[in-house]
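Next come the chains, spelled out residue by residue.
Number of protein chains: 2
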Amino acid sequence: MKKLINDPKNVVDEAVVGFEAAHGDLVTVSHDPIYIARKDAPVAGKVGLVSGGGSGHEPLHGGFVGFGMLDAAVPGPVFTSPTPDPILAATKAVDAGKGVLHIVKNYTGDVLNFETAADLASAEDIEVRTVIVDDDVAVKDSLYTAGRRGVAGTVLVEKIAGAAAERGDDLDAVAAVATKVNAQVRTMGVALTPCVVPHAGEPSFVLADDEIEIGIGIHGEPGRERIKLEPADAIVDRLLGPILEDLPFGSGDEVLLLVNGMGGTPQVELYIVFKHAAEVLAEKGITVTRSLVGNFVTSLEMQGVSISVLKLDEELTGLWDAPVQTAALRWGR
Amino acid sequence: MKKLINDPKNVVDEAVVGFEAAHGDLVTVSHDPIYIARKDAPVAGKVGLVSGGGSGHEPLHGGFVGFGMLDAAVPGPVFTSPTPDPILAATKAVDAGKGVLHIVKNYTGDVLNFETAADLASAEDIEVRTVIVDDDVAVKDSLYTAGRRGVAGTVLVEKIAGAAAERGDDLDAVAAVATKVNAQVRTMGVALTPCVVPHAGEPSFVLADDEIEIGIGIHGEPGRERIKLEPADAIVDRLLGPILEDLPFGSGDEVLLLVNGMGGTPQVELYIVFKHAAEVLAEKGITVTRSLVGNFVTSLEMQGVSISVLKLDEELTGLWDAPVQTAALRWGR
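Just so you know, the sequences run in chain order P and Z.
The letter at position 13 of the first sequence is residue 13 when you use full-length UniProt numbering, and the numbering goes up by one with no holes.
The letter at position 134 of the second sequence is residue 134 when you use full-length UniProt numbering, and the numbering goes up by one with no holes.
The hints are simulated quantities; they were obtained by calculation from the structure and are not laboratory data.
It should be emphasised that the depicted structure is a prediction, and the values quoted were computed from it without experimental measurement.
Virtual Cβ for every residue (Gly too), placed ideally from N, Cα, C.
All the given hints hold, so there is nothing to weed out.
Incomplete in silico selection of chain Z near chain P, CB under 7 angstroms:
1. Val17
2. Ala21
3. Pro231
4. Gly264
5. Tyr271
6. Val293
7. Leu300
Take the sequences, apply the hints, and build the full model.
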């Protein structure tokens with residue numbers, strides 16, 4: 001295992017200290033229990049947004065804390081859900097009396113621990129709504145999931161719901177927007193290489209030198225099939241097909257196209273993927289009006305990519321374009 | 001070789017098409033000869049900024065084309081300098097009569113080809129100044145270099161000179177600011193793994209499973225020494241020592257700290273590096289007042305990191321904070 005770490009046990013704690021040192025203009029960090037909050041939280045008159053989950057997917061979620069997006073992020077150990085305590089503490093820290101939305105990727109541990117935290121918050125008279133993100137079309141149930149997994153579409157939910165909260169929507173309205181984004185986004189990914197969880201010390205799965213895994217999960221959990229390496233365009237076809245059939249997307253739709261690197265993929269490859277994905281969409285009469293390319297929901301050093309397509313309308317487009325100021329996504333303020 | 005590509009020969013051409021499809025709101029692309037220009041170029045009354053070099057270092061340079069930074073970027077083949085023709089074409093495309101600054105990383109091919117392009121532009125009555133970036137303290141001369149190599153500090157030169165041009169500085173003044181940034185920034189990097197140039201098909205160098213290369217170049221060219229893998233903090237000490245001695249930096253200095261991923265390093269590791277680097281600087285009485293963490297000057301899928309320290313003053317800090325709107329760096333507009 002070759003990593004820039006000191007001790008596998010301290011990876012998350014040390015990274016969070018580094019994050020605070022780098023982004024102290026945007027966030028404050030609680031170290032015990034551990035969560036990252038927007039510097040000006042709680043923001044008067046605003047619904048609070050809290051997300052979180054296992055670490056190793058950075059910049060998700062801490063990189064999305066700030067103006068126009070999340071109020072707090074709760075990082076668990078690598079690929080392991082945070083416990084209810086820090087989720088509850090983050091929820092209380094960002095509540096300004098307007099209630100708090102939990103944005104939760106659909107993994108059994110995350111769902112359970114956010115639910116427990118929501119119950120505890122309710123007992124302290126904080127109103128909590130929860131939106132479960134389950135955008136991955138690859139598999140129905142999986143190693144850590146009842147139902148579909150929540151993957152890169154989470155970034156779009158967090159950005160757009162964050163903009164709704166920032167403009168002053170109430171808790172029901174923010175939850176409704178988040179639910180709508182999740183309903184209209186579909187994602188599928190591929191892995192070329194596995195990743196190594198620091199405390200495990202060995203790859204989470206093994207792929208032959210000429211093998212890739214279609215429909216990979218963000219923890220390296222199995223997807224649909226293992227096939228021989230193919231040209232990028234053929235791989236894109238394999239990912240986009242199930243995505244477009246699922247909603248379904250069709251001619252006349254306007255969409256946001258997100259090409260997300262899994263952590264170890266060179267950016268030049270992400271743009272090769274974007275090129276063909278945009279071409280396929282254009283052939284089907286689907287117009288890409290917004291785009292995002294980069295590493296947003298990663299799996300440590302895994303090489304691979306996921307493609308997400310979000311069906312837009314005037315409201316979602318406007319909220320996407322709204323100013324945002326976080327470590328990993330910022331514009332227009 | 002496991003890559004998301006179609007044909008090694010077409011990697012750059014296809015990536016640039018994808019880049020244009022994703023960022024058509026910011027840039028226009030010329031495909032023959034190949035360069036990426038700011039959408040509103042030439043900008044009336046403004047000095048033009050052109051950079052470029054071999055591909056494989058993305059987001060450098062195309063990701064930095066836009067308001068407040070570069071007017072054009074000229075991507076060569078992977079790890080290979082662009083020829084004078086596209087550099088000349090880009091120079092002409094962004095010249096608004098106020099002259100053009102070439103920002104050139106110090107590699108023999110780049111220096112030569114930008115110089116030829118500058119001569120040709122002069123023959124067409126375009127005033128060109130050139131600033132050579134050579135921030136890498138690792139080695140004096142190297143495989144492709146007379147003198148020090150230009151590495152991650154290039155991003156800081158491009159951002160700060162871009163802001164000076166945007167506020168209306170004339171060509172001499174923009175060149176002076178770029179020269180000043182280069183004079184005040186120092187960088188050193190480390191590789192944990194090599195990278196594979198697509199048309200070569202095999203790793204550019206070989207490291208044992210427990211070996212790292214201190215002072216690596218961004219093309220995988222040799223650095224100072226190969227050592228056994230160490231804890232992150234010890235590696236940071238090895239990089240920061242030569243950086244801080246070189247300028248030298250000292251107590252009372254205010255600096256920008258850039259922790260740059262080489263392409264395949266998980267973000268969680270970059271923040272572990274940032275943590276210790278910030279601690280070492282604090283111990284020496286050096287204050288980190290600005291920071292940047294992420295993949296900015298990469299070497300395809302190489303795992304590794306570089307650390308850059310830029311000595312700030314009021315002018316440079318103000319120019320760093322100025323609005324910027326590019327694919328890879330944006331805030332405040």
